[in-house]
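Peer 1: These are the residues of each chain, in order.
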Amino acid sequence: MLEQKILNIKTRAAGEIKKAQSEKELFDSRVKYLGRKSGFNKILKSLKNLSLEEKKKIGPLANAVKKEIDEEIKKAEKIIRSKVDLEKEKIDITAPGKKIKRGHLHPLTIVQNEIEDIFTSMGFEIADGPEVETEFYAFDALNIPKNHPARDAWDTFFIKDQRSKIKDQNLREKILLRPHTSPVQARYMQKHKPPFRIIAPGRCFRNEATDSSHEHTFNQFEALVAGDDINAGHFKYIGQEFFSRFFKKELKVRLRPSFFPFTEPSFEFDISCVVCGGKGCSTCSRTGWLEIGGAGMVNQAVFEAVGYPRNRYQGFAWGFGVERLAMMRYKIDDIRLFYSGDLRFIDQF
Amino acid sequence: MRYSYNWLKELSGTKLSPEKLAELLTMRAFEAEEIRKTGKNLDKVVVGKIVGIEKHPDADKLQVVKVDIKNKKLNIVCGAYNIAIGQKVPVALAGAKLPGGLKIKKAEIRGVKSYGMLCAEDELGLGSDHSGILILDKKLRPGMNLAEALKLDDAMIDLDILSNRGHDALSHIGIAREICALENKKFDYDYEGLKMPSAKTDKIKVEIQSKELCPRYIGAVMKNIEIKESPSWIKSRLITCGISPVNNVVDAANYVMLELGQPLHCFDFGKIKTMEIPNPKSKIPSIFIRNAKKGEKIKLLDESIAELMEDDLVIADSEKALAIAGIMGGLDSGVNPKTKNIFLEAANFNPMLIRKTRMRLGIKTESSDRFERELDPNLAEKGMARLIEIISETAGGKLESVKDIYPKKVLPWKIKLDLAYLNRLLGEDISPKIVKKILENLELRVTSHESRVEAEIPTFRIDLKTQEDLIEEIGRIYGYEKIKPRPPLAPVKPAKANDQKMFEREVKNILAGGGFLEVCNYSFYGVKDAGLAGLGTIKHLELKNPMNPNQALMRISLIPNLLKNIRDNLRNYKEFNIFEVGRVYWPNSEVLPEEKIVLVGAVVMNSSKKGENSGAEGFYLAKGYVDHLLSRLGVMGQYYDDFNSSPLETFRTLWHESRSAEIKIEGSEKAVGYLGEINPFVLAQFGIRQRVAMFEFDMGELKKISETEREYAPISKYPTIVRDISMIVDKSVKISDVLSSIQASGGNLVLDVDLFDIFENEKENEKSLAFHIIFGSADRTLESKEADALMEKIAADLERELGVKIRK
Chain A
763 MLEQKILNIK TRAAGEIKKA QSEKELFDSR VKYLGRKSGF NKILKSLKNL SLEEKKKIGP
823 LANAVKKEID EEIKKAEKII RSKVDLEKEK IDITAPGKKI KRGHLHPLTI VQNEIEDIFT
883 SMGFEIADGP EVETEFYAFD ALNIPKNHPA RDAWDTFFIK DQRSKIKDQN LREKILLRPH
943 TSPVQARYMQ KHKPPFRIIA PGRCFRNEAT DSSHEHTFNQ FEALVAGDDI NAGHFKYIGQ
1003 EFFSRFFKKE LKVRLRPSFF PFTEPSFEFD ISCVVCGGKG CSTCSRTGWL EIGGAGMVNQ
1063 AVFEAVGYPR NRYQGFAWGF GVERLAMMRY KIDDIRLFYS GDLRFIDQF
Chain B
10 MRYSYNWLKE LSGTKLSPEK LAELLTMRAF EAEEIRKTGK NLDKVVVGKI VGIEKHPDAD
70 KLQVVKVDIK NKKLNIVCGA YNIAIGQKVP VALAGAKLPG GLKIKKAEIR GVKSYGMLCA
130 EDELGLGSDH SGILILDKKL RPGMNLAEAL KLDDAMIDLD ILSNRGHDAL SHIGIAREIC
190 ALENKKFDYD YEGLKMPSAK TDKIKVEIQS KELCPRYIGA VMKNIEIKES PSWIKSRLIT
250 CGISPVNNVV DAANYVMLEL GQPLHCFDFG KIKTMEIPNP KSKIPSIFIR NAKKGEKIKL
310 LDESIAELME DDLVIADSEK ALAIAGIMGG LDSGVNPKTK NIFLEAANFN PMLIRKTRMR
370 LGIKTESSDR FERELDPNLA EKGMARLIEI ISETAGGKLE SVKDIYPKKV LPWKIKLDLA
430 YLNRLLGEDI SPKIVKKILE NLELRVTSHE SRVEAEIPTF RIDLKTQEDL IEEIGRIYGY
490 EKIKPRPPLA PVKPAKANDQ KMFEREVKNI LAGGGFLEVC NYSFYGVKDA GLAGLGTIKH
550 LELKNPMNPN QALMRISLIP NLLKNIRDNL RNYKEFNIFE VGRVYWPNSE VLPEEKIVLV
610 GAVVMNSSKK GENSGAEGFY LAKGYVDHLL SRLGVMGQYY DDFNSSPLET FRTLWHESRS
670 AEIKIEGSEK AVGYLGEINP FVLAQFGIRQ RVAMFEFDMG ELKKISETER EYAPISKYPT
730 IVRDISMIVD KSVKISDVLS SIQASGGNLV LDVDLFDIFE NEKENEKSLA FHIIFGSADR
790 TLESKEADAL MEKIAADLER ELGVKIRK
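Protein sequences appear in the order of chains A and B. Each number in my numbering corresponds to the 1-based position in the first sequence with 762 added. Each number in my numbering corresponds to the 1-based position in the second sequence with 9 added.
It cannot be assumed that every hint is accurate.
Unchecked claim - Listed next, the in silico DSS-like pairs over lysine-lysine satisfying Cα-Cα at most 27 Å (straight line):
#: 1; chain 1: A; residue 1: Lys908; chain 2: B; residue 2: Lys303
#: 2; chain 1: A; residue 1: Lys1010; chain 2: B; residue 2: Lys510
#: 3; chain 1: A; residue 1: Lys908; chain 2: B; residue 2: Lys365
#: 4; chain 1: B; residue 1: Lys122; chain 2: B; residue 2: Lys106
#: 5; chain 1: A; residue 1: Lys807; chain 2: A; residue 2: Lys767
#: 6; chain 1: A; residue 1: Lys1041; chain 2: B; residue 2: Lys493
#: 7; chain 1: B; residue 1: Lys204; chain 2: A; residue 2: Lys908
#: 8; chain 1: A; residue 1: Lys936; chain 2: A; residue 2: Lys908
#: 9; chain 1: A; residue 1: Lys852; chain 2: A; residue 2: Lys829
#: 10; chain 1: A; residue 1: Lys1010; chain 2: B; residue 2: Lys204
#: 11; chain 1: B; residue 1: Lys204; chain 2: B; residue 2: Lys510
To be verified - Chain A is faced by these chain B residues, among others (derived, beta-carbon under 8 Å):
#: 12; residue: Met361
#: 13; residue: Gly484
#: 14; residue: Tyr489
#: 15; residue: Pro496
#: 16; residue: Lys502
#: 17; residue: Glu551
#: 18; residue: Tyr594
Hints listed in this document are in silico derivations from the structure and should not be mistaken for laboratory results. Idealized CB from N, CA, C, for every residue including glycine.
Construct the entire structure; sequences and hints are all you get.
Peer 2: Below, the structure written as structure tokens:
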């Protein structure tokens, strides 16, 4: 019977479609079952000869089957298309990956960030000031009087005076490149009252010949803590904490006598050698100690210069070079590399 | 200063070895920079007596000298002519390795065997003289070891004296006093007992005309002096301390200076002009301490000629300047081998004066070093007393006359020290007993009260003025290592964040994350660099004393130094991106310049494209980075405007005028930054052949525009429709105009427009563009035909407004 015939075609087609392995086979099946010359097409064509009753019965069936086969083929095609020959796609996984361009922060930035983070974690505020300074903030306010031999310790760059209105040289304030970050102390204290804890990082300049350990441009870090009863023991503690955290090992601090006009007492500041821990090695010239910087208890004259009453507050101030810390950290042997702009240096950080 | 260990030991009685002593001083007083055994490397150098001198048979300029070294006589070929039979000379034997590095071997010089060498002073490390063989004291025995004969078995300790201690510690008694205090004992030296012997005052006239510059002047006349060599105990100590012996008078002055710290000067009394004085009427040699006359000249001991100014101070007779006060004596009035009578000076001069004059003249002497650190006027008397004592002993002579002008006597002063404050500042608990002992060992006179002590400061400790100065003395001698580290007590309070620093850090991180390398350059460049970069006509701050002409200007732009970085790095890299964040310094009418923190990024690409648009990839890459940076900083609505409204017209020569833009933010005409290629002409000037694109921002401004708060925009629930449009436009048409036209025609149903293809047709002066247009609505699903209608309107508007040809 015709109805049975249609169902048989459907079964056969379904079987063939299931077995098909390639798009070509599916195409053949489509031609075979749904093509113009297909048996199915013949059935469809012969429908017009049927009785109305039969038409009503066979017609929808035939169309449904046709649609079903078509969908089956499409489905099968999709599956076949999605199948990938994984074996053929074998690649050499040892070939190098595509180069991703990466950037680099300057080592001084990295070290500076780290120093700032350690101090901020101890509650220090970061203060800032100009690099081109007046003689007042760079020297006078720090108890370094004019024409005093102590000024020789800072080989200072001066700015040519371009304002010629004032004839008397003495009335004109000399402008210079700050030889240390200490002017920031004075500027900060003029605006704030103790207690406070600040650091003042920044670029400084000294008119010195450059060699592997001296640069006329360098970065200093200055810490200043003031309050009612800040003492030398507190300074030792903060120094020890900072360096132990920066070098990630327990370090000791050693103070030796020194002289700075803006502190009294003044200290030279050493830390136990970060390489040998104090036993003595080539880095510390067998002494077990490394010279780090200068420090001291803020001279009352400095407090007075910024308007605090004498002997009302106590504090310590402390400065060291960022380059030196970076050199110790990364074992850099030539300070000039920092300002060389050489990317072969910078891309190592 | 260099110190003799033996001398310090003699004065202080210390039992420490030179090394231990140096360590003690380093930790508690002054850093020892060097310890050197003197007489080192002189093992095989002996005293020889010249017993014969013959001409070398085969060399005109050489002699064959026979020396007796006790057990044998050696032949030595020698080229010096200051020798004579009977003299004692240093003989370096074969095998000696001299301090100067010279190794002595047996040698044959032009056919004559030579068994050693006769030495000059410099070859033995005893001084700098190389004019002839060092002639030794006649009394020395031949064969003696030279180091032993010259008493060189000493150690030199070089101490770095802190700048506020020059007045007492630049002397052996100063350090010996320190050693005693550190060893917790009294200094046993009769300083008080050093008093000037009495003498008449009428053989010399001394007049201080500039009183404020010379607080004290002592002059002494000694007659019938015999100028000769100093005894070896003086010479050896001078040598250890690095001073070459001259003669017994000059050496005595130097010896006393090293011992007490008082600079002294000796004049030939016969060279001082006499002057008539009224009462009693007579003619006597007269000394004036007066300001120099403008242009006055003096020939100094080192034979240089100094031209003086009115601010300088001189020691003069009635006719001319004999010495520059406190700095250096004149050649004419100096002591010479024929001098019979001498005039000795022990004075005190104003430290500022000495410093000013010596800095202007560029002279630095042992004397000026001490005077410019300020000396105790009472020390002058001690110096003079000791000088007279030594000269009497080593040069004979008799004290004739002394004149001491000292109008304002300096007396000891008192400091009150609060003991609680002492411990509060050091963070220690030092007992009053220890405090008293330490101060007394430093020769302070101490009276104890309940909670404080009062200390009388001897005038030689000029540096002790405040109670903090005393606290320092107590702290260092007590031992800083005993101070225990302890955390300060402070309220828990978050530190105020430094927003500008945080922002800088963020910007740097974004750029480094995007492939940029950070460089740091000097804050200077030269006039030449400024000119090359087209910044030559802009006013810069100028250094008065630059390291060199290439570092004479304070930068107003980071670009010149970055261009140098690029040029240098192109030797090693073909492509790279660098940036710098740093300050620029703009002169203004204020006292200080305006310092701005600026960011400049540079994109260096190795472009392969040819033709009109060649190298512009760098520009667009830089632009992409700018967009990326701004987006990361939360800045929205930036647009790029032609580079022509800049207030800094001169910057135009630095940037490529057809490939640069001002970066602006919607709603403002003010540029927040610049983007562009650097003018190829400027690049060529810097030796860069590749194209370079840069962007520049003022960090302060950038921070301001990035501060707008971000707010969440709800995500649309409805799907979007994407349509493409491609067109051919005239080259002059700007893409930003096409974009804004599309946005305007489409209205708010156009969510986004993306340029995805751009192609320039070189010949036809046209370019073709293709965009994705994304349609959508926030409140409903857009129908396809709505998008179609909008596309038609967009196309029509583009054709009408910009004359584009839409590709169908």
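Peer 1: None of the hints should be skipped; say for each whether it holds.
Peer 2: Hints and how they fare:
no.: 1; hint: Lys908/A to Lys303/B; in the structure: holds, 24 Å
no.: 2; hint: Lys1010/A to Lys510/B; in the structure: holds, 25 Å
no.: 3; hint: Lys908/A to Lys365/B; in the structure: holds, 11 Å
no.: 4; hint: Lys122/B to Lys106/B; in the structure: holds, 19 Å
no.: 5; hint: Lys807/A to Lys767/A; in the structure: holds, 14 Å
no.: 6; hint: Lys1041/A to Lys493/B; in the structure: holds, 22 Å
no.: 7; hint: Lys204/B to Lys908/A; in the structure: violated, 36 Å
no.: 8; hint: Lys936/A to Lys908/A; in the structure: holds, 11 Å
no.: 9; hint: Lys852/A to Lys829/A; in the structure: violated, 40 Å
no.: 10; hint: Lys1010/A to Lys204/B; in the structure: violated, 61 Å
no.: 11; hint: Lys204/B to Lys510/B; in the structure: violated, 65 Å
no.: 12; hint: Met361; in the structure: holds, 5 Å
no.: 13; hint: Gly484; in the structure: holds, 5 Å
no.: 14; hint: Tyr489; in the structure: holds, 4 Å
no.: 15; hint: Pro496; in the structure: holds, 5 Å
no.: 16; hint: Lys502; in the structure: holds, 7 Å
no.: 17; hint: Glu551; in the structure: holds, 4 Å
no.: 18; hint: Tyr594; in the structure: holds, 6 Å
This entry does not satisfy hints 7, 9, 10, 11, going by the numbered hints stated previously.
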